Each structure stands twice: as C-alpha cells, then as structure tokens.
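Sequential numbering of the sequence shown, starting at 1, is according to my numbering.
FYI, nobody ran anything at the bench for these hints, they're computed from the structure. Every value quoted in this text rests on a predicted model; they were computed, and no experiment measured them. There may be inaccurate statements among the hints.
For lysine-lysine, the following DSBU-like pairs were computed, each having C-alpha atoms within a straight-line distance of at most 30 angstroms [what the hints assert, rightly or not]:
| # | residue 1 | residue 2 |
| --- | --- | --- |
| 1 | K596 | K785 |
| 2 | K37 | K666 |
| 3 | K710 | K323 |
| 4 | K99 | K37 |
| 5 | K375 | K446 |
| 6 | K710 | K666 |
| 7 | K875 | K710 |
| 8 | K596 | K710 |
| 9 | K672 | K726 |
Across the chosen pairs, the derived CB separations fall in these ranges [as the list claims (entries may be wrong)]:
| # | residue 1 | residue 2 | range |
| --- | --- | --- | --- |
| 10 | A76 | H413 | 30 to 38 angstroms |
| 11 | N491 | K664 | 20 to 28 angstroms |
| 12 | S455 | S492 | 53 to 61 angstroms |
| 13 | D242 | F299 | 38 to 46 angstroms |
Glycine included, every Cβ here is placed at the ideal spot set by N, Cα and C.
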Amino acid sequence: MAEKTSVKNKRSVVQKKESLHGLDSITVKGARVHNLKNVTVDFPRNKLIVVTGVSGSGKSSLTIDTLFAEGQRRYAESLSAYARQFMARMVKPDVDYIKGLCPAIAIEQKVITRTPRSTVGSMTEIYDYLRLLYARVGKTISPVSGKEVRKDDVADVINYIKEVPHGGRIVIIVRFKQHAKRDAKEELNILVQKGFSRLYIDRQPERIEDLLELTDKELKKKLTAGAYVLVDRIVAKDFDEDDIHRLSDSVGTAFYEGEGEMFLEVNGEELHHFSNKFELDGMQFEEPVPNLFSFNNPFGACPTCEGFSQVLGLDEDLIIPDKRLSVYESAVAPWKGEKLGWWRDQFVKGARSIDFPIHKPVMDLTPSQYNLLWKGQGNVYGIDDFFKEVEQNLYKVQYRVLLSRYRGRTTCHDCNGYRLRKEALYVKVSDKHIGELCEMPVKDLKKWFDDIALSAHQQQVAKRILLEINQRLQTLLDVGLGYLTLSRLANSLSGGESQRIQLTRSLGSNLTNSLYILDEPSIGLHSRDTERLIHVLKQLRDAGNTVVVVEHDEMMMREADHIIDMGPLASHLGGEVIAAGNYDEIIHNPESLTGKYLSGELSVSTPSRSRRWNRSVSIEGARQNNLKDISVEFPLNVLCVVSGVSGSGKTTLVKQILYPGLKKLKGEFVDKVGLHKAITGDIEYISQIELVDQNPIGKSSRSNPVTYIKAYDEIRDLFAKQPLAKMRGFMPKHFSFNVDGGRCDACKGEGEQIVEMQFLADVHLTCEVCGGKKFKEEVLEVKYKDKSVYDVLEMSVDEAIDFFKDEKGLAKALQPLQDVGLGYVKLGQSSDTLSGGEAQRVKLASFLGKGRSTGHILFIFDEPTTGLHFHDINKLLASFNALIEQGHSLLVIEHNTDVIKNADWIIDLGPEAGDAGGNLVFAGKPSELKKVKESYTGKFL
C-alpha cells in the first residue's frame, strides 16, 4: 500500500514538473515538416524570440508550417460538425507533439486583400471608430447658411419653460392647418373630436363651438389672420413631478399635431419656434448614424461611384498627357487638327481677357488657373464646354470614337473621391468632415486628434472612442507608417506595409496569452524605423504574449530575449537547430553561422574601391507625390543604390517616374508617368529596362521556378528520350502538367483539389486520384537514374544540380538559381508559395541564365535582400557583380546596410517620410555619406 502511495506521489511530482515546464515554454517535439530533421526545440513563453538562419534552413517550416498550422488545426477542432467534416482532412503537421501551445496568430507579408474597397482605415479598424465618433459627437452644418442643424425634443421645450420667470403666462400652440379636401368647419369638427376646445387667433383664445356658429364667409375672414390650435396654458412656477408629466404630455401632443413643429408664446409677446424635424434652410438632413459614414453600405455610399471613389469619366491624364507643355504648345490633346483646333485658338485669343498665362506649362499653373482652363469664363470656352459639345453630337460615330479616347478611371465628381454621400460630409467634428480626416497623413491626423477641442459633454461621450483611435494611430506611427493616409487603398501597399498594418490591428485588439508569429516584419524598413518596430513588438510581449519573429535583421537579434538559429545550410543540408539562447550565447557558439557574422568573424565583403562611370541618365524636376522638384542623376554600368527612410519618395522616383518614363521614351506602352520636366542623358545606350520586383512570378498555381527559367523543357526532353517513354510513344508534352496528356485528369496537374467553403477560407486537399503526384501512373513509371519526373520536381535545386551533373546543359540552366541563393527551393515548388524576395531572385536567375545578351539592360531591383541571411547577401552581391560584368547597369532600392556599403553610387532621399521627405539629401560614394548629418542612412552606416 505504502509503495503504491509513493508511486502515486512520484507521478504527481513528475506531472507538476511537466505542467510547470509547459507553462514556461512551448515545446515542439520531433518536427519533420518539409526539411526539418526530427527537431525538438523550446520556445520560452512571453518572450521576444527570433528564429534565424540561412534562406531555406527551415525557419518558416518550424514556425508557420508547424507551430501556426497546429494552432489553426486545434482551433478548427472547436468548430461545428458541419465545418469539421471538411476539416477532418486538414493535414496535421508531421510532429510528435507540441506542448503548451496557445492560440496562434500568423502575420505574413502577403498583401491579403485585392478588393478596391479595403483601405488602411478599414484594415486598422480606425475608420470604424471614426464612424462612431461622427455619429455620436458630430454636428451637422447646413451648407447654405453654415449654421448647425438641430432638432428639438420634449426635454428641450420643458427646459425652456423652466427658465421662464415665475408668474409668466405660457401658451402652447400649433399652427391650424386645413387639408385640401376639407372645408374649415369640417376641420374644426375633427379638432373637437380629438379633444381640443380652443383656437388661438390674434393672441386671443376663441372657443371652437362659437366659431362653428359663424357663417362660412365670417369664419374664412377670421382664419385668414393666422390661427393656431391652443394645446395648453400654464403659469410659470416651481414645477413638481405631476406638473412635468402634464407638460410632457402637452408638448408631445403639440409636436404630433403640428407635424413636428410647435410654438410657445410667453406673456402674450414673443413666439418661440420648436421643431423636432432634422431640417434647416428648407433642406432635410439625415441624422448621423454609424452607417451613414460607411462607404461599404448602400445607405452611406456615394450613389454615383457606389463607394469606390472612382467612376468612368473624362481622364485628365489622357486629355492633358504631357503637363510640361503650355496651352499654346497644344497641351490639351483633343484640341488639335483643322476643325477641333478652333477650340485652342479661341482660348488663346480670349486668354488675356480672363488673365490666363498661355505660355506657362500646365504643371506650373495655380489651382485657380487650372480651373479656368477646364471651366472657362464668359465667352472663353474651357475643356468642359468642349466635351459638352462632343456629348451633344454622340449620334455621329466620329464623336463617339473621340469621346472613348479620353475616357478613363477618374475621381468621382459627386463626392470628390471621399466615397460618401454628401449628407455624410455635412457632419463635422472640429470643422472637419470624415473624408478630410481620411486624406490626412497619419502623423498629421494624430496631431489633429491631440489638439481637438470638444465641449465637456462631447468629451464625455467620445472619451472611449478617442482612446481607441489614438492608440491605433500611435501604433501606426511606431511601426513607421506615419506617411500613409487612412484612405490609401489596401491593395496598393507593399508586403511589409501590409504586415505592419495587421500588427497595428493585433495590438489594438489587446489580446493576451497568444502566440504571434511574424514573417520578417522589418522588410521595407529603414534601420531608423526598425528601432520603433522593435519597441512595438516588445509592447506586444509585455502584454503577456509570446512573439516569434522570423528575421535576419541584426538589430532585431540584439534586442531579442531568445534566438533560435536554424541550419547549418539550406534545404536538405539544413533543418536542424544549430544554436539556441540569448545574443551572447549565439555569438560564442562555434557552430552558429549567424553567430560568426554577428561577432564579426565573418562579414559581407565590401569592395576596396568604387567603379568609375562616364554614362548616366538624369531626371529633371521630379515632383510626383511628395518629391520636391528634385533633379537626380543615375550612373550607368555600376551598382547604384537609392536609399532613405520608408515613405521618403524612393518608389515614386524610381518606379513611378524613371521606369515608365524611360519605357515611354523607348516607344513602349506604359500607364501613367509621374510628374517631371524631362529625362535626359545616355538613353540610346540602354537597350531595354527590366523592373525586377517582388510580384509573384506566375498567375497560375502550376507555375514554378523551373518552368520560369525555362529549364523544365530540358527535363521533359530528357524523360522523353528514355527507352520506356519511346516504347509507350510518350512525347515531351506528356511530362508537362500544363497540357492534357500525361497529367492527372482529376486535378489537372495541380496535385490538389480545392473545396470552396462558404464562410471560411477554401480548403486545399491532396488529389485522391494521383495522391498529389500530378501525373498519371504510366507516366510516373518512366525513370531516369531511378527517379520519376515527380521525384525530380520534388528535388531542391542543389540536389538537382548534383543529380544532373552528366547533363551539362541542364545543370548549367539550373546553376543561376543556386547562384542567387535559391539552392534550397524545390524545382516544382508552386510559385504562389514563394515569398516576394524569392520570386524576385527567380527573375534575377532567369536573366543571369540568358548569358551575355546583346545590348545593355538597366535592371531596377526593389529591395532584393528581402528574406536573405548575411551569408546569402554575399551570393546576391556576386550575382549583381556578374550582371555588371556582362555590361549591364543596376539600380537598387534598398535599406540593407551591407548592400549600401557595396554600392558604387548612393542616392539618399529624405530626410523624413511623407511631406517632410522628397528631397535629395545626398548623391555620391558610400564613404562620403557618413559625413552628412541630415541623413539617417549615414548614421546607421
């Protein structure tokens, strides 16, 4: 018996230890997802943990595909049986067990929304609180008189009566109204039936019974002077509760009988008007409710653009395509030719009479002058008059063609792009309507809310709402997004911006005891903003959450409580935990590759001297978005880096002016080119311009790296040459999953089938026919060196290069993928599972693979170090140097200090973001940038 008890006690001690252990950390035991090699690791709870390692070492497999996937699966098990019947096949991550797991939230880099209705305001929930604020404390201002629109209720009238000095005689009256189909006597009879006994005529009460005895003529004469129905008479005093009840009844009756209007006469002198209708200046207004301010609701959305802010109309950019020209130089595109040129001539002749400068470029016109060009004045006709005439002649085909040429997406003229019906924009808080707040950059909006002046009553009502708004605005500032406006479309954000906005929403929801998994939140952030981001992540941790960050940033690692280093190398050579501990422990661990870079034992090499250049391309007078009329020279044949804090104007300068501007000069079709005076320099020297950005490499889920770099053609040819393939008459097309023939008919070569869920995300299930192998059984029986085509697609690039070493052409085609640090990617990995940085490097590999092409290409890269470990940055820089040696030029938008140090020429924009940015802070060699005080980039170099 005693023995049994001791065993029992032992067991409880062990359990106690285990439960404590479970509380202290989240334990993953035996994880084998993707390339993980039976990994067992602890994630300490309520700490900021950084998971790092070379690209492809298994960081995402451990965090997103194991920890988060298991958290999701456990959540799914709490759903209804109906939802679970689809989820039963939700794959459980290949792991022995995970102990101590709390609810998991993954914040990835993907721009999650494609809808043109989603904005920064709606994603961060700030807009929902603004709607509530305007509905509760907003004042409706009449556009006619500028007075506040109010409606009186019973309490307002009683409060007024209470203010009347004691002994004052008060009469409650309403207008006597005669309906169209009744005569006066009939109307009076109805009043008697309702219980009224007197009218009030010429300030005297008259009994209705006496009036009924008059002739029609006498009665008509009496009523023309203006008659009222007398509802009640009282003498002012200290009213008790019964008096107040009686008064409330009388006032309520008066409002009802007067159809919303009533009068008080005090001491037979002045009439006071009260109305419970929401109207003023003869206009009926909508009462503010939250839905009135929602552009996703038919009640609040602008009826013209239905809440999209844009309509199909006259596109200013098509009508005046080149704003550098003046009206005299035919800036207005439709005013050309023999017949339509008359419009230009009459405008030029009449310009003096309306004081319009015809020789001034359109981009330099003041707003009032620009308005004159469109609206005209007096006998001088503007662009609007021209299009009115075109619309009157639409029965002629040439006019219909003319109009279609100048139509495009344009700001809605009814709501001016605010998305809301005009009634919503009459409601103001502190003299601003909700649309104006959404157009302000977050940093200005925060200042506006700090200085907001509200009455004591408004302050009390709005206290909680303002708390929520200010907290979220502050977080947006903390994560370095102060330059965004709330009306900015969600689908126009970069991956890093989108991720930091989701972070704002998570912080705003004040969750505790949760597991947050972030995938490289520092992407697109300047080192200055990374400091702020770390502060925000620590706030999340201090609220009682476990924060796991997949990250390569050195600053982030220095500040982390715990670091897990994966490796040692990528794909099949990785998948192990090399080191775990705090920053010091990682630095002193001889196994850790990351530690060696952090301690300075290894480093990203920098060139001993910069390359010289003698050719360049220049932009003059750039002033799109926040650029302040700057001129910038971009050298060719070298590595040129554009740096600056997030929102300083880098993307505007390079992707909105230089790239489309050069393409247009080359005669290629482009959308709009940003505002600038001219692009000059050695433009003929450039044979083509390639923008290598982070957009996905293929639209189809079947597209993958090996098809993108055209190496798959060689693999198909190789399999078609095998003896069994020849016997069965298989052609190269039978080994393709893009055309019918050899691919599985059930899943059309996708390897999975999609079950559409009504209210949940679609569920992707492995195809039951081919078991996810994408091909028919007889095709998979064809082998090369004992591997089928499916086995080859499952190999990583590194393995495939080794496997195909006898096939020189094929190994050479795959080599560029290894050179740009993508040796760990599977050949057949679906392109929609690649990160933005990986997609970008696949594109880079496809150019490297083309070898020495004829001509001179200008490559524009947008943050190519996304998702790269120090070790891989070395490989990337080697690829860059290879391109420059082939005779090409590189222009890179980048925040990574290792790449900036390697640049031959730096263009630093800033100094701040948004309005305070857009200036050229520095242009020159990296070594000189450190001396520039205004440059944040210089400080971190």
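Which of the stated hints cannot be reconciled with the structure, identified by number in ascending sequence?
1, 2, 3, 5, 8, 9, 10, 12
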